[in-house]
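There are 2 protein chains.
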Amino acid sequence: MAEVLKYVGLDVGGTTMKAAVVDDTGTAAESVMLPTEPQFGQEHGLATMAEAIRQAVKAAKLKMGDIAAIGVATPGMMDIKLGLILDPPNLKPWRNVPVRDYIHKTFGKPTAFQNDANAAAFGEYWIGAGRDFHSLVLFTLGTGVGGGVIINDRVMEGAHSHGGELGHMRIALPDTGRLCGCGRQGCLEAYASATGVVGRTREAMAAYRGPTRLRELLRDDDGSAMTAEEVFDVAAAGDPLAMQIVDDTAYYLALGASAIISVVDPELIAYGGGMIAAGEPFLAKIKEYISRFALSYPAKQVQVRYAQLGSDAGFIGAAACARQLVASSGSGN
Amino acid sequence: MAEVLKYVGLDVGGTTMKAAVVDDTGTAAESVMLPTEPQFGQEHGLATMAEAIRQAVKAAKLKMGDIAAIGVATPGMMDIKLGLILDPPNLKPWRNVPVRDYIHKTFGKPTAFQNDANAAAFGEYWIGAGRDFHSLVLFTLGTGVGGGVIINDRVMEGAHSHGGELGHMRIALPDTGRLCGCGRQGCLEAYASATGVVGRTREAMAAYRGPTRLRELLRDDDGSAMTAEEVFDVAAAGDPLAMQIVDDTAYYLALGASAIISVVDPELIAYGGGMIAAGEPFLAKIKEYISRFALSYPAKQVQVRYAQLGSDAGFIGAAACARQLVASSGSGN
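Order-wise, the sequence lines are chains S and Z.
For the first sequence, my numbering assigns the number 1 to the initial residue and increments by one for each residue that follows.
For the second sequence, my numbering assigns the number 1 to the initial residue and increments by one for each residue that follows.
Some hints here could point you the wrong way.
Identical chains blur together in the list; that is why a pair holds if it fits in one copy or across any two.
[As the list claims (entries may be wrong)] Here are the simulated DSS-like cross-link-like pairs (lysine-lysine), alpha carbons at most 25 Å apart as the crow flies:
#1 63 x 109
#2 63 x 105
#3 63 x 300
#4 58 x 92
#5 300 x 285
#6 300 x 92
#7 81 x 300
#8 287 x 92
To be clear, the hints were calculated from the coordinates, so they are not data collected in a lab.
This structure is a prediction, so every number in the text was calculated from the model and none was measured.
All chains should be modelled from the sequences, with the hints used to inform the complete structure.
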């Protein structure tokens, strides 16, 4: 019986990084988490990445010699082909960090490098919601809206490492669209991120004269302490205004999905992140709006599901990238 | 010296079909054109396709034995994988036409089948505006807005043969967007197709009290005889209202390009079709709006050009698909 190859997947975020050994069947060993502490500089960050990889191998009760390859996922901006982090807003003051070369030199293993949202999509493709498909698009709903596109079993990285920046698809004309964190107007993220949900809720409350339990969420002057999860909870309890906001969120997400159906026409559209706690009724609303607003022929056939790997998607996807690297280099020998 | 392989490319449209022999270097022999005459039924249509292929081989002073493979491009709706035309609106009353099998059986040659807009994009990728690139997105501006996406040297067909339906990306919210021919609101095509340009011109004239040479184009009650080319000509002559309409067209096209940059992030965005007669000033406007409205990092790097193959792009791209078919099956032997 052939040995089952093992990989380390590492997912670097602005606050923490998470790593685990994942084997060829997609089974993950115990994961480890370390603080990223970008404020201590990029040398410290690279050393922490190496330490997370070592700890993950140890947590799996393995030795580094047991590892076939390593995959690292980080937030953009980045140059995927060169293996560089450029200057991501949530990893300040890092700049031009040679992640792939550093990890490769430190461990002497084939090392894959990928955008974190792309890696999450690739993880879902490998062993999650998309394991039966060759193409999928993942929307990750959090503070922002992230995304990853898998086509023909490969990550669509983009020519300039910006493939699948789905939060910045525009769903409304720039002159009337909501202001996005990126400084542009009308981006999907401005409507459907947790931040967008809270912003729309504050505006709706200001314009609404009737009673709503949403007012109980106002713990500060401008309502900025309110969370999207709370708005969804109040909606689930039957509050009409909150229900309208959740319904609108499904509508905006469906407009993003409609654009994806027109451009990419994938087998599966998946949603991950905090909002999926809203469960099947929310997913059903998204599907209903997709059937109304997308091109009907592909819309009838596309699958729409929740992601399945939660916050493990990033390191599992990073490991999947390592696995693909070994498989593709192996086929040439 | 190895023999230069030769292919027949056939591009089937609603009114005419065009075919030519194209060799491995992309050099096309004299092309032939036959009427499609969909009203005479699909048997007649298939026979005409076969006749066009025969005439193309004859026009190239070759025999069928000299041909390595055949490529056929047709309008959607279609099932690319099964090689079927389903029920395209401009090929009525055709329905479930087994194009690929028919051509394959008739000539006994490897036969590729592709969407016409995808084929045009693949032709531009092969020997046109995109010949130096591995990824490009082509917008074809005509009665509608067609599109094709090439990623990693391959056509993005979509899981349900709807990849690259770029005219039906929505650039405005459905409730306020212009009505599209597809019955939905806010599609790029509703704004930036020739039909959309004429529609916007009629509305602008109705709302405009000043003098404009556009009124000379009104030869019938509702202005429907006016063409987009005429509007562009009047703009080129300096008419302020027409110039505004052309400028708005560039703006809408740039919004479509911005969405493509966020999702696909290609090396090249190319524009083909009648409107490119407007020349460099129009392209410069599109570029300016892209720099204002797209994600800045990829927008700075993406190339924006006119297509180069004109109405030959379809049959050249169909031949390129035939060539890819032979190359990929050959590599397995």
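Status of each hint after checking the structure:
no.	hint	verdict
1	63 x 109	within (13 Å within a copy, 55 Å between copies)
2	63 x 105	within (17 Å within a copy, 59 Å between copies)
3	63 x 300	neither (49 Å within a copy, 45 Å between copies)
4	58 x 92	neither (30 Å within a copy, 66 Å between copies)
5	300 x 285	within (15 Å within a copy, 38 Å between copies)
6	300 x 92	between (44 Å within a copy, 23 Å between copies)
7	81 x 300	between (36 Å within a copy, 18 Å between copies)
8	287 x 92	neither (38 Å within a copy, 31 Å between copies)
This entry does not satisfy hints 3, 4, 8, going by the numbered hints stated previously.
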